[in-house]
Amino acid sequence: MTTAVDSTRSKRDAPYEGPLLDVRDLHVEFVTRDGVAKAVNGVDYSVRAGETLAVLGESGSGKSVTAQAIMGILDMPPARIPRGEIRFRGRDMLKMGKEERRKIRGQEIAMIFQDALSSLNPVLSVGFQLGEMFRAHQGASRKEARDKAVELMDRVRIPAAKQRVNDYPHQFSGGMRQRIMIAMALALEPDLIIADEPTTALDVTVQAQVMDLLAELQAEYNMGLILITHDLGVVADVADKIAVMYAGRIVETAPVHELYARPAHPYTRGLLDSIPRLDQKGQELYAIKGLPPNLLRIPKGCAFNPRCPRAQDRCRAEVPELYPVTEDDGAPLAGRGSACFFWKETLHDR
Amino acid sequence: MGSYVLRRVLQMIPVFFGTTLLIFLMVYTLPGDPVTALFGEKAADPAVVASIKHQYYLDQPVWKQYLHYMGNLFQGDFGTSFTGRPVSDIMANAFPVTIRLALLAFVFELVLGLALGLVSGLRRGSIQDTLVLVLTLVVISIPVFVLAYIAQTIFATNLGWVTPTVQDSRDLSQLILPAIVLGSLSLAYVARLTRTSIGENLRADYIRTAVAKGLPRRTIVSRHLLRNSLIPVVTFLGTDLGALMGGAIVTEGIFNVQGVGNVLYRAINQKEGPTVVGIVTVLVIVYLVASLLVDLLYAVLDPRIRYA
Ligand SMILES: Nc1ncnc2c1ncn2[C@@H]1O[C@H](COP(=O)(O)OP(=O)(O)OP(=O)(O)O)[C@@H](O)[C@H]1O
Ligand SMILES: [Mg+2]
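Chains P and X, in that order, are what the protein sequence lines are. With the working numbering, the residue at position 333 of the first sequence is 333, and numbering never jumps. With the working numbering, the residue at position 67 of the second sequence is 67, and numbering never jumps.
Simulated from the structure, these hints should not be mistaken for lab results. Beta carbons: idealized from backbone N, C-alpha and C, even for Gly. Treat the hints loosely; a few may be bogus.
What the hints assert, rightly or not - To give an idea of the interface, some chain X residues facing chain P are shown, with a C-beta separation under 8 Å as derived from the structure: (1) F108; (2) D205; (3) V211; (4) K213; (5) P216; (6) R218; (7) S222; (8) H224; (9) R227; (10) P232; (11) T235; (12) T239; (13) L301; (14) D302; (15) P303; (16) R304.
One chain only, chain P, in its complex shape (with noise of 0.2 Å):
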């Protein structure tokens, strides 16, 4: 192992305890011409360790906005962050300088985004945007960045990576560039990956590898896991626990196969049901009524009353907390949590 490995390897070995990423109350809003949209609006999550929480939600509610915020990378104005907390390693980013914070990304928290083709710069050959890495980080020289770029993409597995090392992103399938964006992540070994979609701009084949790729690297180095998405399918095999998120909140956790069998939110109820199923071929895809609501003016109480079948006055009138779900004798479900006042009898839905 080289010795930038070894020098990340213990300050992960320190001793800490909590979780890596600890995501308390955390509001986002933009600033535009209309008025404040309210993007986030009070989102608890955390990650330990070789941990994979994945992110649900329909397009709109907030799932990259909260990412973004945890990266450091919202552009601020048009954003603002109210209120909230991100610790990382019990440490509020919020609190930190500019430079610090720097310091975090790429090092410790790395992101991998949807479109790698529009991620990657066009003019600057791929094996420069992953030596730079290098080079930004830990003073590498040209050469020294170039030969771990070699090595990066060797580690993602793109074949014949001395030759290509030099080529643009346009010159690699859709694939091999995202594998690119996953090398790119990787190169510091970060103690917490946030991947954004990371398949949905690929082919169906390719999505499977470059997902059990990104699965097979996080194990090797326990790195903990963000991953969003919307696709529930891509989830179940990867991940640990799921955060659902509607309206720049969570609506439903649970780890991930208590949440399959047993949803305990109409609208994680929603999302199951519109999964397409080899057994139904030919019936109409279930889609859940209406629309997301305008962050502008995010609906009075529960912000999915207007699309719920199970809504009753109450849940015009007040927000649901996140509550602890049991099981009917109060036996604890451990991680497991719904903003819905009827979560009990969400979850004996069949």
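Since the structure of chain P is provided, determine the placement of chain X with the ligands on it from the hints.
Relative to chain P, chain X with the ligands alone:
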């Protein structure tokens, strides 16, 4: 790449013949008789006029004149002006002056235009940005001769830093003020183009990636943002280098710079065919070569562009 350059050079040949013929025809159709005009108020001796006309081939049909001219041109002979001076001699005097003037103007618009565009593009909505927008708009909307007179009034008449017109066109320092006037319009365009381009690229996904990589801001701007943003600006600058040389007529006139513009202006007035055609031909070649260089530079800046 080599075959591309060759093809482009070959393409220049018809353009070259086309433009020279066009200029030839235009000079030919100018009203009035240049030789009679040479004598001014005095009545010209028809025999002398005829002999001069014969000497300059003016008694031939235009296509013969053209062939004769081109024939000489390929032997490196640009012809002789009515004053008896070889056109190549006139050009050898005028072009260095104009090239210096154009290069000065070019450096001015390049350095200051890029700097202003960068500052305002990076800080959109700031005071600096607004200032750049207003100033460039003013420069764009004022005709160049007005600008020239304003510059003369301020720097020569009021401040006395320079003489109102250029005394010695070979003195580089005297060319500075004309160059600033000449380059000011392009400077405004360069600044605005850079600003827009920077603003667009700043929102690009690859910049977000660069930020997420934890690169220092300096690196992000100089290595990622600038190179992409400069691509459209380089195109403009390249074509502008040719335009600056040909477009200096007004500026050269006002500041009395003895360059190509001045000579060309006089030659057109006196319907001096050989001089006009010679100068315009060289300008056309400069323009063609400059645009080829721009296209090649374009491929260097953007690897997605490949010429085959
Ligand atoms: N710069 C911005 N200005 C204004 N509003 C923004 C901005 N960025 C995001 N938003 C708003 O924030 C909301 C949440 O966006 P976000 O990108 O987090 O959604 P998402 O859950 O990631 O959706 P998707 O699945 O489509 O990626 C959206 O409604 C979006 O319009
Ligand atoms: Mg998103």
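Hints, one by one, checked against the model:
1. F108: violated, 27 Å
2. D205: holds, 4 Å
3. V211: holds, 5 Å
4. K213: holds, 4 Å
5. P216: holds, 7 Å
6. R218: violated, 10 Å
7. S222: Hint violated; X/S222 Cβ to chain P Cβ min 12 Å, cut 8 Å.
8. H224: This hint holds: X/H224 lies near chain P, its Cβ roughly 5 Å from the closest one there, short of 8 Å.
9. R227: With a closest approach of 5 Å, the X/R227 hint holds.
10. P232: violated, 13 Å
11. T235: violated, 15 Å
12. T239: Given a least distance of 21 Å, the restraint on X/T239 is violated.
13. L301: Constraint on X/L301 satisfied, holds at 7 Å.
14. D302: Because about 6 Å separates X/D302 from the closest Cβ in chain P, which is inside the 8 Å limit, the hint holds.
15. P303: Status holds, d = 4 Å.
16. R304: holds, 5 Å
Of the numbered hints given earlier, the model fails hints 1, 6, 7, 10, 11 and 12; all others are met.
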